[in-house]
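Colleague: Here the structure of chain A is known, so what remains is to put chain B in place on it, guided by the hints.
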Amino acid sequence: MAGDVVKVRFRRRRLVQVVAANLFRYLVQGATRSWARNLGGTAPALGSMTLLLLMTGLVGIAGFALYNLEQVEAGQASLLHIYLRDDADATDVFNLQRQLLADPRVASVDYTSKNEALKRAQRIPGLPQLADSTDSNPFPASLDVQVKSIDDVAAIDESVRNNTAVDPVYPSSYDRGAYQRIQNVLFGLGIAGIAFLGMLGFIAVAVTANSVKAAIHARRDEIGIMQLVGAPRWMVRGPFVIEGAITGALAGLVAGLITFGLTLAAISGASGAFTRFAPGVTLPVAAYASALVLLVGLALGSGSSLISLRRHMES
Amino acid sequence: MRPIARSRPIVQFSRVSRAYGSRLALDDVDFVLDPGELTFLVGPSGAGKTTLLKLINREIRPTNGQVWVAGMPAHELPASRVAQLRRRVGVVFQDYKLLPRLTALENVAFGLQVSDLKVSDEEAKDRSRDALEAVGIGDRTSAFPHQLSGGQQQRVAVARAVVAEPPVLIADEPTGNLDPKTAWELMDLFEDIAAWGTAVLVATHNVEIVTRLQRRVVTLVHGRLVRDQPAGQTGRMAWLATS
Chain A
1 MAGDVVKVRF
11 RRRRLVQVVA
21 ANLFRYLVQG
31 ATRSWARNLG
41 GTAPALGSMT
51 LLLLMTGLVG
61 IAGFALYNLE
71 QVEAGQASLL
81 HIYLRDDADA
91 TDVFNLQRQL
101 LADPRVASVD
111 YTSKNEALKR
121 AQRIPGLPQL
131 ADSTDSNPFP
141 ASLDVQVKSI
151 DDVAAIDESV
161 RNNTAVDPVY
171 PSSYDRGAYQ
181 RIQNVLFGLG
191 IAGIAFLGML
201 GFIAVAVTAN
211 SVKAAIHARR
221 DEIGIMQLVG
231 APRWMVRGPF
241 VIEGAITGAL
251 AGLVAGLITF
261 GLTLAAISGA
271 SGAFTRFAPG
281 VTLPVAAYAS
291 ALVLLVGLAL
301 GSGSSLISLR
311 RHMES
Chain B
1 MRPIARSRPI
11 VQFSRVSRAY
21 GSRLALDDVD
31 FVLDPGELTF
41 LVGPSGAGKT
51 TLLKLINREI
61 RPTNGQVWVA
71 GMPAHELPAS
81 RVAQLRRRVG
91 VVFQDYKLLP
101 RLTALENVAF
111 GLQVSDLKVS
121 DEEAKDRSRD
131 ALEAVGIGDR
141 TSAFPHQLSG
151 GQQQRVAVAR
161 AVVAEPPVLI
171 ADEPTGNLDP
181 KTAWELMDLF
191 EDIAAWGTAV
201 LVATHNVEIV
211 TRLQRRVVTL
221 VHGRLVRDQP
231 AGQTGRMAWL
241 ATS
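Protein chains in written order, with this note's numbering: chain A, 1 to 315; chain B, 1 to 243.
If you are wondering where the hints come from, they were derived from the structure by calculation, not from laboratory data. Here a beta-carbon is modelled for each residue, glycine too, at the ideal position from N, C-alpha and C. It is possible that some hints are incorrect.
[What the hints assert, rightly or not] Once the Cα atoms are required to be at most 20 Å apart in a straight line, the calculated EDC-like pairs of lysine to aspartate or glutamate come out as:
1. B:Lys54 / A:Asp221
2. A:Lys148 / A:Asp221
3. B:Lys97 / A:Asp221
[What the hints assert, rightly or not] Ranges of calculated distance between the beta carbons of each label pair, as one might list FRET restraints:
4. A:Leu306 / B:Glu191: 54 to 60 Å
5. A:Ile150 / B:Pro78: 53 to 59 Å
6. A:Leu306 / B:Gln84: 18 to 24 Å
7. A:Leu39 / B:Glu122: 31 to 37 Å
8. A:Arg25 / B:Asp192: 29 to 35 Å
9. A:Tyr288 / B:Phe144: 32 to 38 Å
10. A:Leu306 / B:Asp121: 28 to 34 Å
11. A:Arg33 / B:Leu77: 29 to 35 Å
12. B:Ser22 / A:Leu306: 30 to 36 Å
13. A:Leu39 / B:Phe144: 19 to 25 Å
For reference, chain A alone in the conformation it holds in the complex (with noise of 0.2 Å):
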């Protein structure tokens, strides 16, 4: 059939191509030839991020071991082993058992006899040669009661301690105030270590915030020209802020790689001694800690552009 052959607009379709090819052009592009002719001024902000971002990786590797470790610490506190007399009625330990078991704070509670504590005991360096010593077995028998909460260790402690199946001389293994040490040691670690990434991200603000403002004096003129012609406030603090987060980015993939890199080189030069004193830091955490300093990188370099904008730029 013949006829004319009839073109349809897509008006909106091509409003919105329009639209995106211009904010593209405009704040994308702009944003990252700008961020490019001005490498030389941006270079020293874009250092100092690196290393701030590089050590906020490390610490923050170091404070998931320690507090692993922690949990680590608190899992072997909350076990209490209650020691028995080697007289005590078999009678009265299932008594007691019973009584812990019924215990809402108990996770659970087993029997260790005397053999099982001998053949514990020679497993733990140095232990053997004690245990060798004498022909009569030193180890009491013991019920090993997993304790829901560690703060309620104490508690259940005081109230077997007294029992007549329980060693009155050496009744259980609870020691008062060593988890308490050991939890003042980490807090006064973790409250170092916040105090430490939060001062280098003041530090990352203030560098980042300083070479945008240099940014903008270096373009007073084009942001000048933009505000008159009528530019929206987002289109001229647009792309100053993502050149920020261009030089946020490349700072934490930097930072983020080598974070990775110094991490894989520990594991795998340390093998299992890694594993003991730097709990639960495999390669999965190395990646997870490596893409969130990517993002913090990210949000620093963009926020802190924003700041700048704010405090440097008239509204």
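Modeller: Okay, now just chain B, sitting in the frame of chain A:
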């Protein structure tokens, strides 16, 4: 051609004062500007001419009084709506304020597109080319600012100011850096723009232009509007003796 609506002023100042610290730059000024009107704003240095222009473009707010521009209350306009007002006001400066890295065509298109993202590349180029032709430099569209003379640069600046067809055009000493011949050509251009319905307000020290063109002249002295002479009754510019 756009119809010229003469019923409503496009710029209106009602008892406007503006102070910088303790110094009063504008003092109780009443003033209206109608569409299609070419008006000269004259006065000695420090009389408040630039302050008045800045109030129109909402670069500053008045200390007292009301400033209405193209139906918008510039005196109480929040920062979020300033861009909207500025799209209705074209601005020309003595020092042109062109972006050195962009060609003449790109400078004009830049002004058009950053203020309205809905303008496509093709449309922006077409309109910018038309604007540059209208101001008489259609043959220099691909030249960079440093390759143009002062007069040509000012023409590009005018093209940028009018390409979005704002109802108001303000110019602060636009002939300050131009030779007399080019200055006259620029004035011819402003007359043409006014004839198309745009209200044009030109702050100037150029006596010859003001007296010979016989357009409306508003005189400011020490921040006060001391004389508002209608077109054809300009007379002598006595204040110049003291400026």
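Colleague: Against this structure, judge whether each hint is valid.
Modeller: Results of checking the hints against the structure:
Restraint check for Lys54 (chain B) and Asp221 (chain A): satisfied, since their Cα atoms lie roughly 17 Å apart, inside the 20 Å limit. In summary, the hint linking Lys148 (chain A) to Asp221 (chain A) is not supported, as the alpha carbons are separated by about 66 Å, beyond the 20 Å threshold. A C-alpha spacing of about 7 Å is found between Lys97 (chain B) and Asp221 (chain A), which places the hinted pair at or below 20 Å, so the restraint holds. Remark: the range hint 54 to 60 Å for Leu306 (chain A) to Glu191 (chain B) is contradicted by a beta-carbon distance near 46 Å.
With their beta carbons about 56 Å apart, Ile150 (chain A) and Pro78 (chain B) fall inside the hinted range of 53 to 59 Å. For the pair Leu306 (chain A) and Gln84 (chain B), the beta carbons lie near 22 Å from each other, so the given range of 18 to 24 Å is met. The given range of 31 to 37 Å is respected by Leu39 (chain A) and Glu122 (chain B), whose C-beta atoms sit roughly 33 Å from each other. The beta-carbon spacing between Arg25 (chain A) and Asp192 (chain B), approximately 32 Å, falls within the hinted interval of 29 to 35 Å.
Separation of Tyr288 (chain A) from Phe144 (chain B) is about 50 Å and departs from the stated range, judged on CB atoms against 32 to 38 Å. Taking 28 to 34 Å as the suggested C-beta distance range, the pair Leu306 (chain A) and Asp121 (chain B) conforms, at roughly 30 Å. Between Arg33 (chain A) and Leu77 (chain B) the CB atoms are about 33 Å apart, so this pair conforms to the stated range of 29 to 35 Å. The hint said 30 to 36 Å for the Cβ distance between Ser22 (chain B) and Leu306 (chain A), and at roughly 35 Å that hint holds.
Checked against the hint of 19 to 25 Å, the C-beta distance between Leu39 (chain A) and Phe144 (chain B) comes to roughly 23 Å, which is consistent with it.
The structure shown violates the earlier hints numbered 2, 4, 9.
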